[in-house]
Every structure is written in structure tokens, then in C-alpha cells.
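Trainee: What follows is each chain in one-letter form.
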Amino acid sequence: MALLDAVGVSKRFSGITALDAVTLDVAEGEAVGLIGPNGAGKTTFFNCLLGQLRVDAGSVTFDGRDLTRAPVYRRARAGIGRTFQRMELFAEMTVRDHLLVAERSRLGTGRFWKDVLNRSAPSAEELARTQSTLELLGLATLADAPIEALSLGRGRLVEVGRALMTDPKLLLLDEPSSGLDASETAALADSLRAVQAERGTAILLVEHDVEFVRTYVQRVFVLDFGTLIVSGTTGDVLASDEVRRAYLGETV
Amino acid sequence: MTDFVKYVIEGIPLGCVFALVAIGLVLTYKTSGVFNLAFGAQAYVAAVLFYELRVRNGWATLPAFVVVVLIASPLMGLLLELLIFRHLRTAPPIAKLVSSLGLLVAVPQFVAILLGTEPTFGVKGIWWNDDALYHFGDYVLDGKEMAVVVSTVAAVVLLGVLFRYAPIGLRMRAVVESPRMTELAGVDADRVSAFSWMLSSLFAGLAGVLLAPLYASLVPQNFTTLLVAAIAAAAFARLTSIPLALLGGILLGVAQALLAGYLPPASLLAQNLRPSLPFAVLFLLLLFWPGLRTAAVSRDPLSGVDPPPMAPVAQIRGRFLTLATRIFGLAVGGIVLILAMTTFSERWVTIFTTAVIFSVILLSITVITGMAGEISLAQATFAGVGAFATAQLVSVFGLAVLPTMFVGALVAALVGAIVAVPLLRLGGIFLSLGTLAIALVFETVIVPLGWVSGGAHPVRVPRPVGFVDDRSFLLLCVVILVIVSFFVILVRKGTTGQFLAALRGSETAAQSIGVNPTRIRILAFAVSAGIAGLGGGLLATQKHIATAQDFSYFYGLFLVVLVVTLSTRTVEGAVNAAFGFALIPPLILEPLGLNQAWQFVLFGLGAITYARHPEGVLEFQKRKSLAAIERRLPARLRAAPIEAVDPAPAPAPATATGGSD
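Quick mapping for you: the protein sequence lines, in order, are chains A and B. Each residue of the first sequence is one higher than the one before, counting from 1 in this note's numbering. Each residue of the second sequence is one higher than the one before, counting from 1001 in this note's numbering.
Hints listed in this document are in silico derivations from the structure and should not be mistaken for laboratory results. Possibly wrong hints are sitting among the right ones.
[As the list claims (entries may be wrong)] Selected chain B positions facing chain A (in silico; Cβ < 10 Å):
hint	residue
1	Lys1124
2	Gln1498
3	Ala1501
4	Leu1503
5	Ser1506
6	Leu1523
[What the hints assert, rightly or not] Footprint (simulated), chain A over chain B, 3 or more residues, beta carbon under 8 Å:
hint	segment
7	1479-1492
8	1513-1521
Note that the Cβ used here is the ideal one computed from N, Cα and C, for glycine as well.
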């Protein structure tokens, strides 16, 4: 059975069908892409997977558990990590703090009475895990920098690191290359490969940049006007007529 | 049946005043995104000005009306827009709300300073003859009431014509969505916004002049209460629809008259429920009126173009400077405490005790606003819960005072947690308005009950054994303040504080790492209410008595203004605010022969800066000057520089969710 199974996911916004029975699956350790032209419903689908939006029909099963109605934070605890298209970082926190707070959330050992008794400082183990993730992503020298001092590309890596601290089985990346230049995008792809190689995390990538998708994922799903028009291995799909039509119009 | 019609007709005039204010609120919210709490203050200013001209200077009605409502009021709106709200366009709605809160506190007090506080009796209306009676079949309205109804109809018709036939109506709607986008389309957003402020201020002026003669004398509280009542009507209109605001206002006035008519006049219900109706309605609307929470928040797609300036980073100090400031602070505190314990007179001991107690109460705002990022306008109410619980438990069960204060704090924490559950379904300004509604419902319905406040006979609270005299009680208060301070610091440093900081930075991101926002925020509300309750218990013990006026909703507003001006983020911010509050009158205002009201004016104006410096304007200055000192220190004493910072800094992290698909 697949790690993530979204079956027949539908979403309507006051009469407009944004998603019409979309079915998608991700296996463990796999890298999957979700592409489609603007307005295809990629972000809507993403938000349905994450619980930011409630689905009108269909189901989301993850790791054998039905998460269709679960709130956002429960899906996170079940093992779905994510990054954001527009950066969502915590103001006035350092890079290390971003990772530590996620680590504490994963462990679930934070207690109010521990705070009050001054027993909430990060343990050696938490610090070590944080350090290893920082090193994996090449952020170790920036660990104590305030988040406001980072560039967009580094900020996105912090988001990846923060998500990794929760030990996700699946990482959802929402247009990770948006706003990055070519070299930053390449650096990000390298980091993601390193993550996959070391931790075996499955990745679902929503992406505009077809080049990034081509070089990075094994399977691709294509959305157009809220329906899944084609899916399969990356090479086949990108060469298919349906994709050309969706991206370039009927006449090609 | 005839009774019913009679009550309905009786309710319409007051309903019309509610409607005028509600329309003005909707107008400013729709056209500038500001939920203008200062509206009540503007109405009050118009009423006072009209009184000055008409009664004190004997002007005729017409010129006085023209000068006040058609000239002075729009001018005031223009000034507010030019000086304050124009610069806050891209600030989040909650920051604008705090700015208007500062005005609500400052403006009426400023008027009191300018015009003195002699009683204002014999308020005149704008009708030819205020007391003339007009018969409609069996029903009677007097001149003042006729004036209200006729003016409201005229104002609403004119507004409708303006929106329907003038292009400015469409432009006003566009400016709310995105001032920058509108400018790109060739519309001068500043002019449109200024116009809409003038228009809505005209409504405030009209409402003020019309409301004034319905009361015996001019008291700012009446106008503030009017404002909050009208918020219910504005909420009924989902903050967007002007016809619904009109309808909501009238319905509210009528409902109040019906309650007054049908409930037996002597019953507790009639006395408590009738004045609280608008607040109860507001609370219920906020919770259950569909579309209010989601539809009303519009976000400027171009707000990122010039976001509010970032706070200077807090951890800029090196070890040396941190140590130096701490030693300095402790030394000053210690010397003052020793002086207070030995040489200060009775009066100064009392003043310092008040300052220490208020420090405790204000630390509750450090938790809810500084850590959780929510503006709660009900902190004085939570303090009251603690005070009344302490007082009643001591007097009824004869418990020892000192432990009972902590029980009172627990009761307040429990109330805070219970109240937080429905409130947290709301967000941003609606949560704040909800806390205001709760504060007013408490004040009008629950506090007057005998088993809460003792009703007409307030409950006496003895001092704890061993701390009976003022000096030893001061020492006790200092010890409790130190304990609470460490408590707050530990919570902020700990997991709770880190999760709250993450939620403040980005709610969706915090959820994406598994933080349950509701749970952690309920905890923050409970901790904050508990601290406020402890402070309330101390205050009652200091004064030997727990009285309702020490915990009025207006105090709740002022407390927020106080802390927001200094600093919401740090413990010393709350302590500084409390000492400023207690010491400015005897140290600065009295020697200079200045009116006590200056204090409210100063802090009120300070709060306006919240939008630019959410960390507190004094905190901002402090960070700046500490950074400057740091630069002048010899290198070996400075903070270690961060090894490698990216050459190109990122834009401010977006707090907005979403994406473009």
C-alpha cells in the first residue's frame, strides 16, 4: 500500500469546481511531482491534503490512517511535513530556534510545569539532532543568525529543515523554486537529494519549473482545470500530447 | 398590542443613534480597514463643542450645527487621517485597532483638559423646541427624538445617493481592497481615503450632537458605551453593509425598549440585562453570525511593497552590556526599595505599592499580547474576577487572605480559559471586540450581583496576617512581583513561549510542525487571566475593599494602552508602564500644576505608535540606544558577531497564507 493515498478528492468554491475527483498516490521514499498550468488547482489540492481546506468529497489516507477530517496539526504529527510558496518563518527567532521548536513539537515533551520549573531547556540529544539537520542542509554556519538576515534561498532551506525536524515520512514542497535563481534552485535540489538519500523521506513536489521536475522526480501527475489529465513516469508524461495541449493549447 | 407599538416607537430614536454610529464604523472599516474605536471619542468631541457654542456662548442652533457637524467634525476626521491612519494603511487590522484605542483613551481626556471639567447641564438639542411633543395617534415623541429620527433618515438618504450616483463611492470601495492597486489605476488613494474619513466623522459628529440631549449631562463614558453598543449593529451588518447597519441599529434600540417595557422594572434581570443587551448581542453575533469572521478581512495584495519597519533584533546586546544593564536595574530597584521601607512617607509607600501591584496586573498583558500576540481588552475584568473571588472566599469562609489570593488567581485563570474557548474561534480584531463584549457583560450583568461584588455593600478584605501595615505589605507585593516576573520569564523561555512565538510568527507554519494552536492559546489566556487575577486580589487587599469601579472595562482599555506604549515583550516593559502610571502624576503632573488627565493623553497617544512599533515605542528607542552604546564599547566587550550572514537579506517573512494557483 502506498504511503499517501488521496482518492477522488473534490472541492467546490460556490459553484466552481476547483478539484474534480483527483486521485493521487505517493509510495514510501519516492519523489513525485504535481504539475499543471496556472489555475489548474494544484494549490487547492495541496491545501486539501494538508487540511487547510476541507474536502467536499473523497478521502485522504496517510500511512494507513484516514486523515480526511483531521486538523492541520494532526496531519503534521502523523508525518506530513511541508514548506510554503510564500515564506512562512517565525520572526525574531534564530535559524536554530526554528529547528528546535519543531523538534520539541515532534517529541511532544513540552509541559507547562516544566517551563515553570525551568526544566525546558533543549536536551543534548535535541541539540545534536538539530545540529545534524543544520549540517545536512549546509546551514550550520548560520545557526545563530536571526531569520531576518537570511536570503530567500536560505530561508527556504530553513523551512525544509524545520519540516525535517518533525521526522516526516512525506515532505510536501509548494513551489520550492519560486523566487529563487538558477543556482539557488540547483542548490536546493542538491539538498533535497541529500535528504532523500540520508533519511528516505518521500517527496511530493508542486512545481511550475518543468526543468526542476524533469531532473528531480520519478513520477508526475498533471492537473488541468481541476481534473487529473495524465500520470506516469516523468519522461513519458512530459512527452505526452495531453501535457503539451494543457500547457500550450489545442493547436499544437 | 398597543404597549408593543409604544415600546417600539420609544426604541426607535436611540436605535437611530446606534445606527448612525454603526454606519460610520462600517464606512471607515470599508474604506480604510480601520475599526475605529475612537468614533465614540469623536462623537463626544462634537457634543462638547456643540454645547460650548450653543449653551455657553449662546449661538443659535443653525450656525452651531453647521460649525460643529458640517465643518469641525469632518475636519477632525481629516486630521486623524492625515496625521495617523494614512501612515498605517499597510499595517494589519489589529494594529490599526490599537491605534484607535489610544485615541479613544486620549481624546476625551484632552477635551477635559482644554475645557475644564465643570458639569455640563442643560444640554440642548438641534430641534426648534426640544420639549415640544409630537403626537402620532396615541404615541408621542419629543423634539429631541424627532431630531434624531429625521436627521438619520436624511443622512442615510444622502449617503445612498452618494454611493449610487457619485464615482467616489466606487473609488472608496477600491481603496479598501488595495490602496496601491487603486493608485496604479490612476486614482488618488490619499484623497479618497481622506474623503471617506471626513464623511464618517460627519456621522460621528451628527451622532454625538443628537445623543447628547438624551442624557442629563455630557459624560465621555456615555459615548464610549454608545460606541460599543453600535459595534453590535456594525457586526450585524458584517462590517460591510450600510443598510444592514441601519437596520441593526434600529432593531437594537427597539429590542432595548421592549426589554425595558416588558420586564418587571424592579427585577434584577431588568436592571442588569437591559443595559447589557447590546454587548450580549455583540458577543453572540461575533460567535454565530455567519460570514462575519471570514468575509470582513481583506488583505492588500500589495501590502508587502512597504511593510512596517522591522523591530531591531532583541539579542543585539553582548554579555557585558546585558550584565551592566541588569546590575544597574537591580541597584536602582534595591535602593528604591530600601528607601521605601525606611524613609518614605505613608503617601509614597502607597504610591509605590500601587505601582508594584499594577506591575503584576500588567504582566498579564505581557503574556497575552507580547507572547500570544492577541489584544485582550478584558484584563481588568480578569483582575476583578480574582479580586471578587478572593474577597468573597475570605469573607464567607473565613479563609486566610494570602493563600486565598492564589485561589482567586486560579478562579480567574479558569474563567480566562473558559472564555477563551469561544473567543479563539474568532481571530484578530474580532477576538479583541469579543473580549470587550465580555468585559461589558461582566460589568453590567455579573459584577452587580450580590454574590460577586456584594452589590451596594462592597466586600471588605483584610490584609494578610503579618503584612498588616503598609510597609510590610509593600514588601509582600514586591516578593509576589518578583515571583510573577520569574514565572513569566520562564514561560516565555520555555516550550509554551516558543510555541506562542512560532504561532505569532506564522500560524500555518506552526501548525505544519504539529503545534495545536487552540490548546496553546487557551493556556496563554488562562495564564494571563490568572496573573491579572492575582494582581486584582492584591489590589483589593491593598485597598481593604473590592469595588466594581476598580475593575471597570475602561480600565481594561487603559491597561492595554499603557503596556503597548512601553513594551509588550519584556517584563521590565510592564514594570516600567506600571511605575509610569503610578509615578507620573505625583512626580511630574502635580509639581507642574498640570491636570491628571494628561497621563491618559500621553499614554493614549503613545499607543497610536503600536502599528509602527508593535514591540512598544519605548522598547524600540531602548533597543536603538543600547545598540548605539554597544557600538561604542571596546571590541572585546561587544557581542560576538554572527560568523557569516547572507549578503542579500530576505524580504520580511510573509505572515499571509496562501499562494497563487
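Trainee: Please go over all the hints and tell whether each is borne out by the structure.
Mentor: Each hint tested on the structure:
no. : hint      : in the structure
1   : Lys1124   : violated, 52 Å
2   : Gln1498   : holds, 5 Å
3   : Ala1501   : holds, 6 Å
4   : Leu1503   : holds, 9 Å
5   : Ser1506   : holds, 4 Å
6   : Leu1523   : holds, 6 Å
7   : 1479-1492 : holds (count 3)
8   : 1513-1521 : holds (count 5)
Hint check: a violation occurs at hint 1 only; the rest are consistent with the structure.
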